[in-house]
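We have chain A already, so just place chain B on it with the hints.
Going down the list, the protein sequences come from chains A and B.
Using the working numbering, read the first sequence as starting at 1 and increasing by one per residue.
Using the working numbering, read the second sequence as starting at 1001 and increasing by one per residue.
Heads up, a few of these hints could be off.
Claimed, not checked - Which residues of chain B face chain A? A partial, calculated answer using Cβ under 8 Å: (1) Ile1128; (2) Glu1148; (3) Ala1155.
As the list claims (entries may be wrong) - Calculated Cβ distances over 10 Å to all of chain A for the following chain B residues: (4) Ser1003; (5) Val1008; (6) Ser1023; (7) Gly1046; (8) Val1053; (9) Val1067; (10) Ala1071; (11) Val1082; (12) Leu1100; (13) Leu1104; (14) Leu1137; (15) Gln1140; (16) Gly1161.
Stated by the list, open to error - Part of the chain A face toward chain B, derived, beta carbon under 10 Å: (17) Lys165; (18) Val168; (19) Leu178; (20) Ile182; (21) Ala185; (22) Ala198.
Calculated from the structure, these hints are not laboratory results.
Glycine is no exception: its CB is placed at the ideal position from the N, C-alpha and C atoms.
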Amino acid sequence: MTDLVPVLVVLVPAIPLVGAGLALLARTARQADRLAMATAVVTAVAALILACTAFARGGQAALHGRWYLVDGASGLLLAVIAVVGLCSALVSPSYLRTSGRSWTTAARSRSLYYAALFVFWAALLAVPVAGNLAVVWLIVEATTAASALLVAFTGRRRALDAGWKYLVLTTLGLSVALLGIIVLAIGQANAGHHDLRALDWHTLRLAAHTLPKDPTLIAFVLLLVGLAAKIGWAPVHNWLPDAHSEAPAPISALLSAALLPTVLLIAWRVKQILEPSVGVGTTRAVFIAFGLTSMLVAIPFLWQSLPWKRLLAYSSLEHMGVIALGIGFGTPLAIAGVVIHVAGHALAKALGFYAALPLLRIDSDAGRRAPTGVAGESPTTAAAMGISLAALAGLPPSPLFLSELLIVLGGVAAGQVVVTAVAVLALALGFLGLLHALIEGVIGDKPAHRRRRPERGQRTTVALTAILGTGLLALFAAGVLLVNSSFVETLTRGTL
Amino acid sequence: MSSALVTVILLLGLAVIVVRRRSVAIGLVAAQSLALGIGALGLAGGRSGDYLVASFVLLIKAVVLPVLLYALIRRTPEPRLVVAANGPLVRLAGAGAVALCAGLLMPPLGLGNSHTEHAAVALVLIGIAIVVARRPLLFQLLGLIVAENGLALLAVSVPGGLSYVVEIGALFDLAMVVTVAAAFAHRIHVELGTGDTERLGGLGD
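So that you can see chain A by itself, here it is in the shape it has in the complex:
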């Protein structure tokens, strides 16, 4: 199976790129939808085969090629991006049928939407398997351009504001990250490594102990601060709530469930390669600082009555903080928690954003204020919202309950008792905030002025709720097996 890896590494991002080109040639809406569905299915299958190949290697070392690197973390992220991308493509026709307004003319909007979606998806799929830090940076920068267009797809004033803010802030953040990469390149050049290979993950890992400490520390901080702007870690998260709430729901799902953890993977790899030079204490402190700050900043917003998608956006801020904390602790228990958290958050968050589609159909004001009593009007939508929010809150048997427990135990094992105590408090407060939103939004009182509307076109919502809900339960069971596995052990040790 590993013989196929070099081919799959090229095919996986190439298929959606070809799909993007073909989408632009589609003459009718129906043709564009069918083409998109076919492209999405083929892309997801190829990406999942590659992910399974990475998983099947268990605790073995990463596979390296001239341009690629495939390890356990690549497999995890490829699986997440494949599943969320496929689901987003599948619900897109439903969104496009009811979206009404778009940036461009109605005739072109569908083709352009699919083209941008597939370019964005292709770039996301390329990040976990790219074997070079500079190349990874170039691909992440490419995600910005494609996704900014999608964020502002409706062309409404608020969407344009969100898209512009996202474009400018994340581009500036990535400029700071590139500064860090150039500082690393200077260190490598001084050691006699001049070509592009000097910035390969593998080469950097081998050379890390010879890199000068102070400039490498600067490079590490610049890289983390720059990437934080794209991950949406506080305090550089300003674009995140706006972009997630203004983007079309399938795109919000991709942004939150796939883009954020994908960029977080880069930060994790930077930690792994530079730790020998910068020191475990420093890298741990930076991750814990970003993690705790993000969790604490999210709490007041999780307690507010926010519109559905905006609430989910602030929940992303909290969960990216939890993942950062787990990586910062770096113990096998915490890393097992990180793996489950990345996958569980992706499934639960994607389901939440997909639920926004029927929610906005039954209540057109749901984009501006918190939903209430949805169960009284649409039990199907309420079920999707309920499962998503219960899972995100960490209500057992959510896999996020297990992952948060493992990260907390991992924190104690790392000797970070005070940090762990603050994290537990933040998690408890976040849980209560989301629980309140769950009760009010799903089973609260239905506003008197709203009449019950017949549920139409709910088949997609039902199917996605069943599939993603089952996936969450399966993840809980698989998560238990993950603890003490060679897969987690290798991830903890670092595979680059």
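Frame of chain A; chain B shown alone:
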């Protein structure tokens, strides 16, 4: 690269935060990019062919991006100049302070040329300052390019230079971002009748 040329590149970046007219600001950024490209070409002797390619990429950037931006301002005429929140002297003082801080606080990056290191970091910070201090969309876009030029200054000064793959990739990415940003600017202008970002802000909790 000579200290004088590096200083000129830095001063051109500082000037962008002061000027009022969009066309003048584009001219300044074009001049800055051109100076950077010429400086990079000057370093090409004795370096690999890859580096020469990277230097030409910088020169292409100096021509292509300003042309794109001039086309944008022709499509988005402003009825009147957007009034800045702070006067030009305040903006200059702020950006100057940022540049000075970069010089004083930045530890050595290993290049062995502190003037270039400080100038490059200062340009990145000035680019960020332009985005923060200037309201028109086009100026925010120019801020991104000024920051990018700071990065390019550091990249060409790396012993042996950065790989041309990175230079070409970075140019491609920047061109893509500028094109998307130009599309945004045009659409926002259609929607609001102006490129004043202050008029956009309707979000927040």
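Hint check:
1. Ile1128: For Ile1128 of chain B, the interface hint holds, since the closest Cβ of chain A sits about 6 Å away, which is under 8 Å.
2. Glu1148: 6 Å, holds
3. Ala1155: 5 Å, holds
4. Ser1003: At roughly 19 Å from the nearest Cβ of chain A, Ser1003 of chain B sits farther out than 10 Å, so the non-interface label holds.
5. Val1008: 21 Å, holds
6. Ser1023: 21 Å, holds
7. Gly1046: 13 Å, holds
8. Val1053: 13 Å, holds
9. Val1067: Label holds. Min Cβ-Cβ 19 Å, cutoff 10 Å.
10. Ala1071: 18 Å, holds
11. Val1082: It holds; Val1082 of chain B is separated from chain A by about 15 Å at its closest Cβ, greater than 10 Å.
12. Leu1100: 18 Å, holds
13. Leu1104: 15 Å, holds
14. Leu1137: 7 Å, violated
15. Gln1140: Incorrect as stated: the minimum Cβ-Cβ distance to chain A is 6 Å, not above 10 Å.
16. Gly1161: 8 Å, violated
17. Lys165: 8 Å, holds
18. Val168: Result: holds, 6 Å to nearest chain B Cβ.
19. Leu178: With a minimum Cβ separation of about 5 Å from chain B (threshold 10 Å), the hint on Leu178 of chain A holds.
20. Ile182: Status holds, d = 5 Å.
21. Ala185: 5 Å, holds
22. Ala198: This hint holds: Ala198 of chain A lies near chain B, its Cβ roughly 8 Å from the closest one there, short of 10 Å.
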